[in-house]
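A.B. asks: Here is how the chains run, residue by residue.
Protein chains: 2
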Amino acid sequence: MNPDITRERQNATFDVEKLTHILDGGIEKTKRRREIESLVISDPDFQSEDLNFLSRSERYDAAVKKSAQMILKLREYGISDPEEIYCYKSCVHRGRSEPLDLHLGMFLPTLLNQASPEQMETFFIPAWNLEIIGTYAQTEMGHGTHLRGLETTATYDPATQEFVMNSPTITSIKWWPGGLGKTSNYAIVLAQLHTQGKCHGLQAFIVPLRSMNTHIPLPGVVVGDIGPKFGFDEVDNGYLKLENVRIPRDHMLMKYAKVEADGTYVKPPSAKLTYGTMVFIRSMIVGEAGHALAKSCTIAIRYSSVRHQSEIRPGEAEPQIMDYQTQQYKLFPLLATAYAYKFVGQYMNQVYHRITGDISQGDFSELPELHALSAGLKAFTTWTASAGIEVCRMACGGHGYSRCSALPDIYVTFVPTCTYEGENTVMMLQTARFLIKSYRQASAGHQLSGIVSYLNESERRLQPQSVSSRPTVVNVNDLASLVEAYKLRAAKLVEMAAKSIQQELQKRVSQEDAWNNSAIDLVRASDAHCHYVVVKLFAAKLGEIGDTGLHSVLSTLALLYALQGIQQHSGDFLQTGLLSVPQLSQVSQRLKELLAQLRPNAVALVDAFDYRDEMLNSVLGRYDGNVYEHMFEWARRSPLNKTEVHESYHKYLKPLQANL
Amino acid sequence: MNPDITRERQNATFDVEKLTHILDGGIEKTKRRREIESLVISDPDFQSEDLNFLSRSERYDAAVKKSAQMILKLREYGISDPEEIYCYKSCVHRGRSEPLDLHLGMFLPTLLNQASPEQMETFFIPAWNLEIIGTYAQTEMGHGTHLRGLETTATYDPATQEFVMNSPTITSIKWWPGGLGKTSNYAIVLAQLHTQGKCHGLQAFIVPLRSMNTHIPLPGVVVGDIGPKFGFDEVDNGYLKLENVRIPRDHMLMKYAKVEADGTYVKPPSAKLTYGTMVFIRSMIVGEAGHALAKSCTIAIRYSSVRHQSEIRPGEAEPQIMDYQTQQYKLFPLLATAYAYKFVGQYMNQVYHRITGDISQGDFSELPELHALSAGLKAFTTWTASAGIEVCRMACGGHGYSRCSALPDIYVTFVPTCTYEGENTVMMLQTARFLIKSYRQASAGHQLSGIVSYLNESERRLQPQSVSSRPTVVNVNDLASLVEAYKLRAAKLVEMAAKSIQQELQKRVSQEDAWNNSAIDLVRASDAHCHYVVVKLFAAKLGEIGDTGLHSVLSTLALLYALQGIQQHSGDFLQTGLLSVPQLSQVSQRLKELLAQLRPNAVALVDAFDYRDEMLNSVLGRYDGNVYEHMFEWARRSPLNKTEVHESYHKYLKPLQANL
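The listed protein sequences correspond, in order, to chains B and Z. The numbering of the first sequence is the working numbering, which starts it at 1 and goes up by one. The numbering of the second sequence is the working numbering, which starts it at 1 and goes up by one.
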């Protein structure tokens, strides 16, 4: 054990294990998670060469091997709880995506939700037993976010009772679905349904892609891998071009909408039922943002405690780089953010389960709010976390660029969350739509409930007085007061966005153009709303913490999170009159104090995330702090060192010397 | 040609070709650059498979091959002007780093600058003819920025007149030098000189690493590749462990410092002479930041003009995504930034050449300012550009993640500039040191000259009055007025940082601790200083533009750049009383107008950067806008599609199906 990091742990003022229980959601959950981790990590079937040393084809190969093993073992051990499956899977693939992700996460669930009983009988057991390996083919080369724009067609032919599936244009080629390129032999394909001469919009179809025997693509099916990406080397994201592929009528998913034998289209009873999965996945991503940031902070903070560099006081030994204020200012607010997002993730999970309970009772009332919340928070947290991972990486200096740090991997694995499951800017604008609608309802005298209830006050409180004359009452040392400030900022920015739309409308532009011409303000309002929610939930979480030591350190983190947000958006708080200029200096001063206060607990706070070395897979983030020996050992194993002299020397350099 | 992009070009209001000449520095330079590009691009010896489809070892191999060819051709064509060599090299390697970079960029120049005449005779010609391939080994595993911390030793043995070179600890192993792993047979090694029982600090030594005949490492030399990184796949960054390696006395570079035969150490006349290269490289990086951002903007803006998505007005066709205000707000300020940094790069280049002229006359007076400026601007521009590349990438939606977009490559190739040649935070603090020193001089009544002369006024103007009572005179529509605002902001933030140090000193902490406890404020001050310099230089550049059309569009860009900076740092401008709250709303409104105003010129503005398709190597950024066909074609060529069925199917999936 590196003595520096041992000393850090001795200085901690709280019980690390207790904090781990809180993060896991209880002592039993911690125990079970550790059991599963040990099960996977000690399993020789899941060992492999360092992925960084493999080609893409080898990485894909290794991932398929592990996924196949995983399916067998999950059954062998009888692990069937979705959360435990997720945990097991994350351990096997170390948090990376894998070729069966969409089979497990989209194909099977979509069957469960949208297949008729007869279809369940036909498809579910083969899919469960991986005779059918499926993916979910929605996105097309030319169409992502805007589902109505999808071009793939399914035209019903009553003569044979078949759908004829086609990719009529180059832009209609399905593009990106995970597992589509090489792994899947089936796909659920989203396509525009045409029957009896009319288009009825998007429906889902079960389309066989490859021979069940030989795995060779079926006639009319042009399928393959979309090529190398920024990360995701294990996944065969694929393309799919359908050329008059005929599938039987009963291959359209018919639990809700139907096409009868003669081609008559029968509408589904409600459109809201398909909301659920999307909201669930976005909620999950919020937790993942906390997770990705927590891993990055673990690596950067442990490394900062063992890395010595430069000098603060001349003549003295080189200090730990964590003693530099600038380093603390980079890392500690991100550490606080990681905690915040983990707590928000827990909250979203609870709300999701509560509301889906209501939905199954036929109560959809909270769905729009949850939808808006999950959209905005997904965007808010993934943007911040992505940028934060890179800050952590660069805080490790040169070694952060080495693949042995694991930080490049964390980044490329996480950053796609900014784009998939709803592009972030589009997500922010969806939340804005809900906020503006709520604001207008409040203005019209309706009493709002739920998270937007603060907009009830805004009309009364913010409008009549001049902003700068309003007395400032924020106490920068009091979290509750800061939550209030974030709330009023959100209210004010929603109001400003609404007014921008109004002003545009007065210029006689259309509603839609007024919306687009105010989009910058709308995104800003959503951002402020989400920020408020996060601060509020962090503060609320503190109320659940009984242990004094824990409460104290988490309060420091929460205050740091809130104050740093104010500093970064000081313009907003000054502009809305919520803070005065002298208060802003107080905020700066207080922030510095909080950094110093957190310093002795920093390593313990990342230890509490409880990432085993095998899960982090980072030389810089090792629990024992013995960074350099292992970096040297790792480098010596790398592929270019398999021979002392690279063949290029004999091929090019030696002849060149002779020619000059 | 895609009709959308043709239409964009027809709408431009200025002469693209003329702008290209300005960016290149004159019509002749444009012509010569294009000649060189054509020479390389049409040369069959420089064709290769798409690098994205190769393994790392294959990429290294391809790079060595091209570099060897390049050396031959440069001599064949008689290209010897450093700028032209740089241009040729960039074309050959498409802007990527390559294995001979340090031989050409550090080993040869260091010989030229620091070798004695006898050493030149021994080493230069063999190095010029690549019998000696050298690198520059400075950074160690445990030591980067802080040179005095380097641990490698060179102990003089007068008995044999040799230096004994050692890596005494694991942290002393040389780590990161490009070309060290496999390519070089020599290195200039920085080591602590020990002679006659005393350490004389760092000296540079010429150390043979590998046999000239077999390329096998020499006895005592442990050398290899440091393993895969975030990008830089072509470069064999290496490690070097020296175990009692003996080199003759005349292998220490002895133009300045010397060790005599008996071991007597002779000091160099001045330490300032080694400043030059560092300053030059940092100045170059500023231009590179403009370059990287310009390439990214070219890709994202062209793609935004041919990509259609969603709807603004219901029922109408999907609009070009560049019509969304949020998309404009992401891309156009970055476009303005790219122009700003290109102009700053030109300026730095001129200043560097002017000042090196002075230095060769023995006049060092401007060196500290140039040193401070290049340090801060390097950090300021590389941080912004790195984040900006990612914004461009994500503005391309899912396809920005594909390697065919080239954006992931641009990012990983550029982002290391934040860390190498001086870690950015350290750079900002170096600039801050100069600013604080200047501020104190001004406070003591000295009249400052040069770029920091604004600190002369700060004492008088900013101190006595209350900030909020000072009348605000900024005109948000006038660039000169905005330059003034940036200047006053910088002055105020330098003053605040200086005061923070003073306050710390009053708490009886040491100078050094006071500095560290104010580091956040110091970085903020440097940032404001650099921002001021960039705005000022952009405005100055406008003064050189005679053409009305060009002047108009560049003025719009400059105004956009300045106003967006104000919006992003609105807290600073409000806090320092330079802007009022109503003015901030004006800024927002004006920004939106500027976006709309730039919209018709966006494609022409990136066309003016004049990147040939072969140089961009981006399917999304193609000049003809025919994105989708070429993306499909690229994907089909990718390695996983070499076979219809991947071997993992037979190895794992088929057996799994049998087992379930």
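It is possible that part of the hints are untrue.
Note: identical chains are not told apart, hence a pair may lie in one copy or across any two.
Dumping the calculated DSS-like pairs for lysine-lysine here, alpha-carbon to alpha-carbon at most 25 Å [unchecked claim]:
| # | residue 1 | residue 2 |
| --- | --- | --- |
| 1 | Lys654 | Lys642 |
| 2 | Lys258 | Lys73 |
| 3 | Lys507 | Lys437 |
| 4 | Lys651 | Lys73 |
| 5 | Lys507 | Lys255 |
| 6 | Lys18 | Lys267 |
| 7 | Lys437 | Lys592 |
| 8 | Lys198 | Lys499 |
| 9 | Lys592 | Lys507 |
| 10 | Lys499 | Lys592 |
| 11 | Lys437 | Lys29 |
| 12 | Lys651 | Lys65 |
| 13 | Lys31 | Lys541 |
| 14 | Lys541 | Lys29 |
| 15 | Lys541 | Lys241 |
| 16 | Lys18 | Lys651 |
Everything labelled a hint here was simulated from the structure, so no lab data went into it.
A.B. asks: Checking each numbered hint in turn, tell me which of them this model violates, lowest number first.
C.D. replies: Hint check: 2, 5, 6, 8, 11, 15 and 16 fail, others pass.
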